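Undergrad: Next come the chains, spelled out residue by residue.
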Amino acid sequence: MTTIDNGVNVQALLDAREALKGAPEAAQFTWRASAKWQNGVHSTVTIQSFHGLGQEQSHKSESVFTADHPEVFAAEDNGITPIEYLLVGLASCLTAGVASVAQNRGIQLRSVESTVEGNHDIRGILGADSDVRNGYNDIKVTFSIDADASKEDIEALVAQSQKRSAVFDALTNPTNVTVEVA
Amino acid sequence: MLERGEVANSWRRERWDSLRLLTPNWLSRLPGHRYRGPDPDGYMTMGEVVEFIERFATVTRAPIRTGTNVTSVRRTDDGYHVTTSHGDIGCRALVIASGACNRPTVPPFADAVPASVVQLTPFGYRGPAQLPDGGVLVVGASATGVQLAAELARSGRPVVLSVGEHVRLPRLYRGRDVLWWMDAAGVWDQRHDEIDDLTRARRLPSPQLAGTAKRRTLDLNALTAMGVELVGRWAAVRDGRALFSGGLRNVFSLADLKMRRLLDTFDEWARTHGRDAEVDPPERFAPTHVPESARWQLDLGSGEIRTIVWATGYRPDYGWLDVPVVDPKGRLRHEGGVVDSPGLYALGLPVLRRRKSTFIHGVEDDAREVIDHLTRHLAARR
Ligand SMILES: Cc1cc2nc3c(=O)[nH]c(=O)nc-3n(C[C@H](O)[C@H](O)[C@H](O)COP(=O)(O)OP(=O)(O)OC[C@H]3O[C@@H](n4cnc5c(N)ncnc54)[C@H](O)[C@@H]3O)c2cc1C
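Protein chains in written order, with our numbering: chain D, 1 to 182; chain B, 1 to 382.
No wet-lab data here; the hints were simulated from the structure.
This structure is a prediction, so every number in the text was calculated from the model and none was measured.
Think of the CB as a built atom: it goes at the ideal place given N, C-alpha and C, for glycine as much as any other residue.
Some hints could be false.
The following label-pair restraints were derived from C-beta to C-beta distances [stated by the list, open to error]: (1) Thr-105(B) - Ala-26(D): 26 to 32 Å; (2) Ala-201(B) - Val-88(D): 55 to 61 Å; (3) His-42(D) - Arg-103(B): 28 to 34 Å; (4) Ala-112(B) - Gln-57(D): 32 to 38 Å; (5) Gly-124(B) - Glu-25(D): 56 to 62 Å; (6) Asp-327(B) - Gln-57(D): 35 to 41 Å; (7) Ala-16(D) - Arg-74(B): 57 to 63 Å; (8) Asp-276(B) - Ala-33(D): 56 to 62 Å.
To give a feel for the contact side, a few chain B residues facing chain D, derived at Cβ under 8 Å [claimed, not checked]: (9) Arg-202; (10) Ala-236; (11) Leu-243; (12) Leu-257.
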């Protein structure tokens with residue numbers, strides 16, 4: 001087999017899988033974000049530290065995300081809307097999955113592009129119709145992948161990336177959410 | 001041989017009335033003992049299975065003590081001490097053949113289902129007549145789930161089927177029973193030490209197959225055509241509502257892709273072994289139809305669903321085994337049936353030594369190898 005390189009260190013992931021089988025405590029991660037209201041519906045969210053492998057961890061640098069709403073919502077549009085951040089999460093998670101699965105299956109990728117569309121009936125959040133939910137009604141992801149593989153193998157890559165995706169799971173299955181005032 | 005009930009106990013006590021084997025008669029064989037009736041391509045009823053196994057027990061003069069429940073097995077210096085409902089036994093070696101399906105598995109959120117809804121497992125289910133009128137939610141779309149969903153839909157009840165990952169198979173492929181292909185092409189003979197991800201192979205659900213006179217395919221498209229409503233994997237109960245996964249489309253894709261790959265394997269085998277002429281041409285099946293919009297929640301208090309049937313799998317019960325060889329998930333620790341305790345062996349567990357290990361015809365090869373090891377163990381200890 002020719003060596004293929006999608007830039008994913010699959011061996012490290014497989015080693016981690018083996019190591020964590022016997023150490024479930026180390027596998028417990030906590031991801032954190034801190035948000036701060038700016039003005040109007042504009043806020044900033046910073047992320048740097050997280051917990052995992054039994055200790056505090058840190059990203060190389062702090063990331064700052066700006067969230068706002070567009071002008072059609074009578075807002076200043078300093079950044080994308082919170083619900084768009086879900087699309088960022090989903091698309092990047094599935095893309096990472098495609099690359100990892102391809103690496104593991106010996107498939108060389110040349111390009112992986114996708115578009116994500118979330119259909120959202122905003123009457124829900126406006127309280128205009130109590131039968132309409134607040135969140136997305138449905139989300140559609142379309143991948144275009146150029147790789148040394150058959151169409152079927154590419155479909156299998158995309159299916160497997162959904163099967164192992166944290167964000168796909170978080171969006172398709174219910175999660176307990178607790179919101180408190182400190 | 002110790003048996004708490006009667007010979008073929010699981011087939012007598014733990015199956016529903018209409019069940020037939022999903023393995024064809026010619027395949028459901030035991031060493032030196034096979035079906036000799038007029039319908040080799042048919043599927044045995046439970047009565048016929050019991051008779052078949054009883055006959056095998058008689059012919060082989062198996063030394064069986066029925067009505068003898070094993071309540072404890074403990075290690076001693078040179079073997080095991082077995083406590084039974086009919087006295088104690090000492091032995092140097094012991095084979096655990098107590099079955100892989102002693103208890104139905106039910107997810108923990110079953111406790112949160114409102115009391116107004118009747119809940120059944122395949123061990124309690126006998127047939128549609130026993131259920132109250134009204135809607136049924138069948139949970140799980142493997143062999144048990146698809147068969148019960150079909151039977152309940154035919155009884156005129158509205159049926160919702162909650163579908164997680166599953167194994168889709170056509171009943172017939174290129175004119176032959178799909179299990180003929182599994183057998184002939186050697187898929188079932190694949191050994192435990194050749195399988196990449198053995199843990200996953202051992203957890204693989206049973207295929208969507210049923211043994212019917214018409215040899216019909218019972219995949220999700222067949223169920224949809226019967227009016228069964230498909231929903232995603234049941235994830236949680238919140239405020240009296242069942243919440244289903246929105247990932248239904250992907251479990252369909254996964255199953256369709258895996259089926260296609262398996263059929264490719266069969267075609268490849270037929271081509272390279274010069275068998276193309278004796279079977280029909282290759283065929284491919286329509287992808288699983290995705291419902292326009294699958295419901296992702298269902299109000300369990302609304303009266304729409306009167307009964308839930310949990311077809312969420314089975315697990316072994318080792319409550320009587322006082323030897324530390326069971327992992328935290330309740331699975332026996334063993335290597336090809338050689339258990340992690342000298343002189344202790346197992347048979348009849350998923351992919352024990354081969355993909356066919358849990359099927360009636362699959363135990364023969366495993367048993368030979370396991371007993372070989374056992375004999376050597378006894379010889380070495382003399
Ligand atoms: C719903 C269903 C359908 C199936 N359909 C098919 C099919 O179509 N074709 C096929 O090949 N396979 C089928 N199988 C798989 C089938 O279980 C196996 O083929 C076969 O029955 C396994 O036999 P066994 O002896 O290993 O286990 P079992 O049949 O479970 O026998 C184990 C025996 O051990 C006894 N026992 C357990 N614990 C104790 C104890 N503590 N003391 C004393 N005795 C004990 C039990 O009473 C039981 O009689 C099906 C399984 C299920 C659940």
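Undergrad: Now tell me if each hint is right for this structure.
TA: Comparing the hints with the structure gives:
no., hint, in the structure
1, Thr-105(B) - Ala-26(D): 26 to 32 Å, "holds, 28 Å"
2, Ala-201(B) - Val-88(D): 55 to 61 Å, "violated, 36 Å"
3, His-42(D) - Arg-103(B): 28 to 34 Å, "violated, 56 Å"
4, Ala-112(B) - Gln-57(D): 32 to 38 Å, "holds, 35 Å"
5, Gly-124(B) - Glu-25(D): 56 to 62 Å, "violated, 38 Å"
6, Asp-327(B) - Gln-57(D): 35 to 41 Å, "violated, 30 Å"
7, Ala-16(D) - Arg-74(B): 57 to 63 Å, "violated, 38 Å"
8, Asp-276(B) - Ala-33(D): 56 to 62 Å, "holds, 59 Å"
9, Arg-202, "violated, 15 Å"
10, Ala-236, "holds, 5 Å"
11, Leu-243, "holds, 5 Å"
12, Leu-257, "holds, 5 Å"
When the structure is compared with the earlier hints, violations turn up for hints 2, 3, 5, 6, 7, 9 and for no others.
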